[in-house]
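A.B. asks: Next come the chains, spelled out residue by residue.
Protein chains: 2
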Amino acid sequence: MSTTKAESMTRPEWRRDDGDTKLVFGVAGVILAASFLFMRSPVTETQLPEPQIVTTYDYDPCCGYPCQNQGICMAWPGNNYTCDCTGTGYYGDHCEIPTWPAWLAKKIKPDPESLHNFLTSNGWLWAILNRIPFIHKKLMTYVYLSRGDMVDSPPTYESDHSYITLNAYFNESYYARALPPVPEHCPTPMGDKGFKELPDVDLLIKKVFMRKEFIPEPHETNVLFQYYAQHFTHQFFRTDLKKGPQLTKGTGGVDVSNIYGLTENDRQALRSRVNGKLRTQVINGEEFPPYLKDVPDITMDYPPNVPIPENGKFALGHPFFALLPGLFAYATIWVREHNRVCDELFKIHPDWSDEQLYQTARLIITGEVIKITIEDYVQHLSQYKLRLSFEPDLVHGTRFQYHNRIHVEFNHLYHWHPLIPDTLEINGTNYGIMDMAYNTLPIFKHGLDEFIHSMVNSRAGALTNRNHAHVLYPVLKNVIESGRKLRFQGINAYKKRFGLRPFTSFEDMTGDKELAADLESLYGDIEAVEFYVGLLAERPGPSVTPLTMVNTGGPWSVKGLIANPICSPKYWKPSTFGGEEGMNIIKTASLEKLFCLNMKSGCKNIAFTVPEGTP
Amino acid sequence: MSTTKAESMTRPEWRRDDGDTKLVFGVAGVILAASFLFMRSPVTETQLPEPQIVTTYDYDPCCGYPCQNQGICMAWPGNNYTCDCTGTGYYGDHCEIPTWPAWLAKKIKPDPESLHNFLTSNGWLWAILNRIPFIHKKLMTYVYLSRGDMVDSPPTYESDHSYITLNAYFNESYYARALPPVPEHCPTPMGDKGFKELPDVDLLIKKVFMRKEFIPEPHETNVLFQYYAQHFTHQFFRTDLKKGPQLTKGTGGVDVSNIYGLTENDRQALRSRVNGKLRTQVINGEEFPPYLKDVPDITMDYPPNVPIPENGKFALGHPFFALLPGLFAYATIWVREHNRVCDELFKIHPDWSDEQLYQTARLIITGEVIKITIEDYVQHLSQYKLRLSFEPDLVHGTRFQYHNRIHVEFNHLYHWHPLIPDTLEINGTNYGIMDMAYNTLPIFKHGLDEFIHSMVNSRAGALTNRNHAHVLYPVLKNVIESGRKLRFQGINAYKKRFGLRPFTSFEDMTGDKELAADLESLYGDIEAVEFYVGLLAERPGPSVTPLTMVNTGGPWSVKGLIANPICSPKYWKPSTFGGEEGMNIIKTASLEKLFCLNMKSGCKNIAFTVPEGTP
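Taken in sequence, the protein lines are chains Y and P.
Quick note on numbering: full-length UniProt numbering labels position 99 of the first sequence as 99, and the sequence is numbered without any gaps.
Quick note on numbering: full-length UniProt numbering labels position 578 of the second sequence as 578, and the sequence is numbered without any gaps.
Hint data in this document are derived by calculation from the structure and do not stem from the laboratory.
Computed from a predicted model, the values in this text were never measured in an experiment.
Any copy, or any two copies together, can satisfy a pair, since identical chains are not distinguished.
Derived SDA-like pairs (lysine to any residue); straight-line CA-CA distance at most 20 Å:
1. Lys347 / Gly78
2. Lys137 / Gly87
3. Lys249 / Asn171
4. Lys109 / Tyr142
5. Lys243 / Thr263
6. Lys243 / Glu264
7. Lys385 / Ile132
8. Lys243 / Arg267
9. Lys600 / Gly285
10. Lys313 / Glu287
11. Lys347 / Ala75
12. Lys347 / Asn79
13. Lys249 / Glu264
14. Lys347 / Asn80
15. Lys242 / Ile298
16. Lys293 / Asn305
17. Lys138 / Arg399
18. Lys249 / Thr263
19. Lys207 / Lys513
20. Lys587 / Gly87
21. Lys293 / Thr280
22. Lys347 / Pro77
23. Lys249 / Asn167
24. Lys587 / Met140
25. Lys600 / Asn457
Put together the whole structure using the sequences plus the hints.
C.D. replies: Given below as structure tokens:
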């Protein structure tokens, strides 16, 4: 690489003309690769990088992201740079020429957008394929592996360095990063594209994010889905707010800490110490989590300056779940489910200790969470016609890596507040978002079952631009400002990182002339559009989220679910779960069963969509 | 599994006669498997376990470890049990019948003892094989993968539960465990074998461990090797002594925290903030680590009640390295090497910040540590004639798991105090072990180079029984007592876990009638011999350690080295290490270069063996 710097200095300057370069290189790459095919043995991915070309800039030349196909740019003295193409499948000065296996793979593999369209349509074809076990298993294996491959494991970057460090791996206080921060001292905040300053956040929010009128989610998504997302993801999105958006207190995966607590102290505090069960209390003849006053070792995020009665404060697995009754409802259902599983285990293991019942129930609950998340939640989210299934043994013995770290971009991406409608109607009463803050009264006034049915029957908002409720302004402002503090690369850099075609223009992104014009006036260059802004500004697609969001979030999601230890070969066996009975609880779990087995007066229409005929 | 409990209750009782069962099942297994081969499709590993046989005991039936081939025993009411054979390659009531792929693999694969003998002899054959790159690479790939496969990753057990829990994975304060603790309430401390009480520790130490006269290591091993082992392994053996032997403060791998410090605070304290370098000072014209008084943020393990002058206390990456001048010598050499690497990086990257030089040098040092550990240290330790090489790309894209956790058994196994001779002669002066405790004077009196040459020229002790120096009595007593507290299974359980043939008798283990008689009087049953005792009581073999120690330690060692993030596909490329120059520092690192580039007056005979002709 750098050994050839001296000679490379004398080679002709490579001209950057970002628009058409890709196409030219594409065609050249095809011809070159084809000729290699016949001329000599294939260029392997482990070859040393070729001598590099050098250009001269007045600033860190890596600010312009000159390396293609995930090659790594490295700056050298005299404003020079080289691209390290190791392992990319490409070579050449800018990693622009495919090796022949990469060329072949590119030819054979459908582009992600076509694939996505195919997966979300052709219902009749999928109805057949879903029923042929051999083919269905192959497809699911492909889903698991291809999504897993997209996530660097072990992780490579954190937010405090724009290059690889040991910290990225060994310091688990950091969220991981898929792409490193934009280097310091670049001409513009996004590298060398766009204006010298990013747009004013308030103006940006006003033009791009604020809800004018409620846009309902077009796939019949309900509020039960919205709260599932929030309850599920908070187990691993545990930003250490006091220290900064780059740091987390979480363990990096689906650790069910949202149900049981994050630390051993919290977990102990929430246990009843009888037959493995969690502490509960009976209110109005129903089982609920204990009052906070009864579990002094737990800290909840109830605001000190808001008067909340003692019987309105509860001790839950996550301090954030104080915020909204929807989260309290999920917390209650999962506590009941844990205790129900303990009863089932006790039937077959009456001689087991409280400890063994608790630990084994927790393993089963983890399996239920993963099963329901894949088969109900992601199934609805993606709108795939391919039936998604939880079959961890499909990737046993493959290259799949059983370790996960949460990426800070995944956290940002998951700010799905447009889902939240302005009001929730419960039994004829309308509750605004702020009416429900830190307030469990709606649940106790109308009953938990009634509240759950309200979530089922209420439409969520569309996950798109111009659909943020006004009261969520501060949350939104914070996520955009954090993204800037973390020096995120632009939306197109992330599209390329996840194998997606970058946006070519603002209209290509939005499909909406007015919004495109607004964004162009704010950013000047499509390459300068911020990550979170781009995710939500994208035109709606066949999934609940726009295309880029589902294709970047998907890999993080699938990887996080299947890399869970319970999915690994030594865990995924009946004895781990107390025998076949326990494993079958996982294998037969569903959203519907979760609610129907744990509601007092009976359930109806439990699903992530509003019932048919809902206006 | 348990669904068939009722009917299985009626099946005839399975009689346990441990001596010959294995042979009978072995032959039966072969015949059965062979007939399956022609009668029906192969029994796959994912099949549900067969109906289980039930026996009746007066205690937890799993105390007898009735399940073969790593099947998992699960107790049921009425003193019943079942074996979960999932993923073992075996089936039957006790996982004793091989599926045909398992049967075939067993037929084809050489047994580990023969393989070990083959690897450590036939020098002429290896001289040829080592020179054929294609074959050599295949062999190294096999070494990496086969060792990696032996280590459960993700880990399954910790020391507080005798069954799988989520804690084993998510609570990284625990050391992992290859085998769970012996269940509570078993008839004997080792399950159901041996006496009701384990032997008196003092008597055991006296009969089995104490040195009568110094036994030199028979492979010419020197004290430089002994201190390498101690310096290297303390980066990941960081038992949280205040909390218990089951807990660690470490990060789970080769994190070079022994050089740089474990926490970000320690690391910052040890940095000079100039050109990436670590803090040093010049004493007698040579570069040394700083005095402890000059780095107040570092804590070292100097005993408060022993008077040590201020200029005898140093700030090092590991608090334990206060203990012995050999550790201080290694610490000094590595600090010098880090600063030397920073100089090399600065030559090619004069515009890099202190931070980038530091972080990149740390990545290079990690690579050097792994390279030297595999190619010099493990090569000598194993006495393999196969040339061991550090080629991380060999397992890219395979099932190899890039995550590691330190196992508490690995920590115990690595108590290699027999290596320590009673005295070290430096330039005509003899220093006893206690003369050197917390004392760096020998280094400053004779000079570091002279001290290093003393380590080179002094023979280490043989890693065998009856060779512990008397002053190390408390250390030894502590490791045996910790093993009991952790309820380790016996040596034969670990032999089976790592695919080794269990010892059949005390004489089979020791090869020494007198020692065998002593041990038999202490334990009564070969199945009851403790893990650490068995490791050291085993007859010497062709490696520096006895056979069981090298074949259980080997997997943990190789896994820990190759699972390091720098070995993973996204890290292992020139740009990670500052370019080809940086990566070449790793690729050409050796023990000899490490010392020779960092000694003032020149080096001679740097190796892990005493020079030829040493008496």
